[in-house]
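Given only the sequences and the hints, what does the whole structure look like? Please build it.
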Amino acid sequence: MNSNAKQVKLTIDGRDFTVDESVTILEAARRNGIDIPTLCHHPALTNWGGCRLCVVEVDKSPKLVASCVMPVRDGMEVVTENATITASRRLSLELLFAERNHNCMFCPDSGDCELQKMAYALQMDHLTVSQSFKAFPTDVTGEYMTFDHNRCILCGRCVRACQEIAGTQVLGFHNRGPRTLIGFDLLESRKDSSCINCGACLQVCPTGAINSRYRAHYAVKGQPAERRTTTSLCAQCGMLCPVTAVSRDNQLIRMEGMLGSANGRPDRGQLCYKGRFEVLKTHGQRLTAPMVKDAQGQWRTQSWERALELITAEFEKIGKRDGASALFGITSAKLSNEALVLFKQLMVDRWGTGWIDTLDGDHFRNIRSSLDNGPRAMPEEVSWKKIAGADMILMVGADPQASHPVLISLLRQALLERKLPVAVIGQARDAHLLSSFSLPVAEEELRAVLFTLCVMVDGTRSVASQGKYLLKAEQQTVLNHIAQTYGAAASPLILAGEKLTGRKAAGGLAELFKLLRIKSAAPAGAGAGLVLLKPSVNSAAAWRLGLASPQGPNEFAGAGLLVLEDEQGENLDTCLKSRTAPDFLAVVTPYYDPGLASAAHVLLPRPLWLEEDGSYTSPDGAETLFKPGVLDPPAGVLRTWEILQGLALRKGGAGQARNWESLRADAGKILEALQR
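Here the sequence shown is numbered in numbering that gives the first Met the number 0, starting from 0 and rising by one per residue.
Calculated directly from the structure, the hints in this document are not laboratory data.
A portion of the hints provided could be inaccurate.
Unchecked claim - In silico lysine to any residue, SDA-like type, Cα no more than 20 angstroms apart, as pairs:
#, residue 1, residue 2
1, Lys418, Gly388
2, Lys418, Val440
3, Lys5, Val68
4, Lys385, Lys8
5, Lys343, Trp354
6, Lys650, Glu308
7, Lys471, Glu442
8, Lys116, Arg226
9, Lys385, Arg226
Unchecked claim - Estimated spans, in silico, between C-beta atoms of each pair:
#, residue 1, residue 2, range
10, Lys190, Glu225, 28 to 36 angstroms
11, Gln130, Arg247, 50 to 58 angstroms
12, His480, Lys116, 47 to 55 angstroms
13, Glu416, Phe135, 26 to 34 angstroms
14, Leu94, Arg30, 27 to 35 angstroms
Quick reminder that beta carbons are idealized off the backbone N, C-alpha and C, glycines included.
Given below as structure tokens:
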């Protein structure tokens, strides 16, 4: 109840209540423990009043009203249950069942369906109206979701979620009368539409019309009473979206966004395809025990004690023989703060390693080299949440659909709801759908475009004086519009992506920093803000800890330790091929990768991010968020901090085993000190 809002008194089922004048009858009843059934209503969406199951009697009028759209008023008398109301609800429900095919026996949502539960609540064991449905299409073209129009009740939840939460406005009502259905764009298939696969429609659907293509069998088997629900964070990217993870028997069934929660985030609680669907995929064969390569090159299972002792002995032997410069360590920037701190303490303090780095270290070095050798290792950044208050957004060298998909929704919302000018420079998927101005130049041309943009905004230099940077006529026209909009904005926000911080765009960041300084030096306005869309979820913490080396890898490598999350493929191959083959390589990884195994001598299994607790730092470094684990690691697999601490203790020297709470507190203090 809002203490500043005007209060009204009303009676619901003979009980007197005092509520805010701004609420509906449905909200007033539910806040006071009175249940009114609904299907089209969802607390995270606007009220619609379409299903008519929430009808109530007001002031003894024979005309029933939809409680979800009827505001309260002083002196109102409401009845939520009587024979007339029940008959009306029963008829509305029977008509819903009659007009489409709702055979629960063959539906994957049976047992977890709001329509089915409503039928049980109204004791509907047969229909008093005749079946009238005809076959509707089923869309199975999407990678992540299916849409069975035969099970759709046209409640409009998905349409409103697509508009109000995802901000994409892809779904809408098509046709009329009994032929009405929900369609994508202009009745395209999901695959050919502009759907971004965020899954907001799936989460709010009350029936089996929209279904996930992953773990569908668990939706049948995992009834609510047998499920485990955990509130956590998604660690797929730096957005660190709050999630509700649903599991059973230590198997993840689904991930849901915290829709409608007041968490101070502009994303309205949604998830993207990574956090909702990709997390359900299995990326390879899991390691469940330490593996050591024997003299014949065959992998043999070993005890943890034996494997940790072997790694320690090899590092000591090679360190004594070739010196500390022969030792190296590389870590994924997807690890938690606690694991990153322990990795640094192990490699630097205990083993005196000559070179450490992160898998995204090239991006750090490119950013650092673009700062004109200033005192700061990183530029000053702002939170991505500033999108909500920006008056212009410039995205350069980023493809958020691949790296930070929730940003797609935020940009679409800003463009469609606030008419905010959004400019995109670089090649981004569906850039025309999320921008006012789009300049799809290649990665190699970003520096030239940013140089010209600086000249246009600054106005003190001539573009013609730099002939080699001249652009095509059509590019120049678009860039003129971007420069004018950026120059006129009081608080623009720049989103810089991996294509700008990558190697091929060398020099582009320096021009971007000039663009920032030009705006900051303007006499009016708050100045431009910068958001670096870093490659990994915890790049900010890894770089702040100094784990990304200012220099590239040494040519000679004697012994190395590699700690991974789920990295596979080209990025990992590039890391390993950037140096000579080490005499000894130990890898801590959740998965067995054949390519990696050919170069390694010891493989140690570790949990996935879903399987252990950890703290993460926001991309701008201003927040530290704690992520509880939602699953248990496989039997016999030590947690990452236990592995790293075990190696450190075997090296000898001062120190003793610490528990998780102590390690977490120490990591927090270390990162907090580095922030000051």
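Numbers of the earlier hints that this structure fails to satisfy, in rising order: 2, 4, 9 and 11
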